[in-house]
Amino acid sequence: MRKMVVAAFQAAAAAPTIQSPGDWSTPPAKLPAILVRCGDDQKASIGNIGETQFNTDFVIEIRGIVSGPTGEAAQDALEDLGATIEDILLRNIAIRAQTQDFPMIATVTEIKSDGRLHFGAVSMAVHFQIYEAFDPDVETTLERMTVTADLRNVFDASGTYPNPPFPDAVQPAPRTSGPDGRAEGGFDVELPQ
Numbered sequence: 001m002r003k004m005v006v007a008a009f010q011a012a013a014a015a016p017t018i019q020s021p022g023d024w025s026t027p028p029a030k031l032p033a034i035l036v037r038c039g040d041d042q043k044a045s046i047g048n049i050g051e052t053q054f055n056t057d058f059v060i061e062i063r064g065i066v067s068g069p070t071g072e073a074a075q076d077a078l079e080d081l082g083a084t085i086e087d088i089l090l091r092n093i094a095i096r097a098q099t100q101d102f103p104m105i106a107t108v109t110e111i112k113s114d115g116r117l118h119f120g121a122v123s124m125a126v127h128f129q130i131y132e133a134f135d136p137d138v139e140t141t142l143e144r145m146t147v148t149a150d151l152r153n154v155f156d157a158s159g160t161y162p163n164p165p166f167p168d169a170v171q172p173a174p175r176t177s178g179p180d181g182r183a184e185g186g187f188d189v190e191l192p193q
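Residues in the sequence shown are numbered consecutively from 1, following UniProt numbering.
Errors might be hidden in some of the hints.
[To be verified] Under the rule of at most 16 Å between Cα atoms (straight-line distance), these lysine to aspartate or glutamate pairs were calculated in the EDC-like manner:
| no. | residue 1 | residue 2 |
| --- | --- | --- |
| 1 | K112 | E72 |
| 2 | K3 | E72 |
| 3 | K112 | D76 |
[What the hints assert, rightly or not] Simulated restraints on C-beta separations:
| no. | residue 1 | residue 2 | range |
| --- | --- | --- | --- |
| 4 | A13 | S113 | 51 to 57 Å |
| 5 | A125 | A73 | 25 to 31 Å |
| 6 | K43 | R91 | 24 to 30 Å |
| 7 | G50 | D87 | 24 to 30 Å |
| 8 | N153 | I49 | 32 to 38 Å |
| 9 | T141 | D168 | 37 to 43 Å |
Note that these hints are calculated values from the structure, not bench results. The C-beta atom is built at its ideal place from N, Cα and C for all residues, glycine as well.
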């Protein structure tokens, strides 16, 4: 997802400097800048039936940095860059196609001065939720299948047959319905490998 976020910023030409993972201390000559790196992630199991499935919540950390001749100019540039970042992320079709939800976006801004220049930074923790499924490695191949029919409506009321194909399904004699333990029909299927 980090790569998709960076690609979205680059495609939109959101800032002259877009770096990932990004050195969080960026020199003034490279501003405005957008820095992107991965944050934490957490997987929550969907259940224990079937393949292993998760709703995965993770964070992409984004830092937008601007400068201006005054605090007000830096603040204005920062607000514009923050709005651009959100707009690009939340409208990007490729990102939205991979994302179930954006549970939260936490934003912190700061303005400081260093001599004549004022710097503004917006730090955003964008929370994404995606679905992940992990199919087990299949090492056993199905080579052959046997279908056996021991019917309910065709049965021997009093017979007992040795080694029935499904012993737990056989009704004890005397019986009023099947299965009785003898196969009325069936077939074998050889599967191509």
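Right, here's what the structure says about each hint:
With a CA separation close to 11 Å, the supplied pair K112 and E72 stays within the 16 Å bound. A distance of roughly 33 Å separates the Cα atoms of K3 and E72; the hinted pair therefore is violated under the 16 Å criterion. With a C-alpha separation of about 14 Å, the suggested pair K112 and D76 falls inside the 16 Å cut-off, and the hint holds. For the pair A13 and S113, the beta carbons lie near 28 Å from each other, so the given range of 51 to 57 Å is not met.
Between A125 and A73 the beta carbons are some 26 Å apart, a value that agrees with the proposed interval 25 to 31 Å. Remark: the range hint 24 to 30 Å for K43 to R91 is upheld by a beta-carbon distance near 27 Å. For the pair G50 and D87, the supplied restraint of 24 to 30 Å is violated, since their beta-carbon distance comes to about 38 Å. The supplied range of 32 to 38 Å is met by N153 and I49, whose beta-carbon atoms lie about 34 Å from each other.
Range check, T141 to D168: Cβ separation about 27 Å, and the 37 to 43 Å hint is violated.
The structure fails hints 2, 4, 7 and 9 (numbered hints given earlier, in ascending order).
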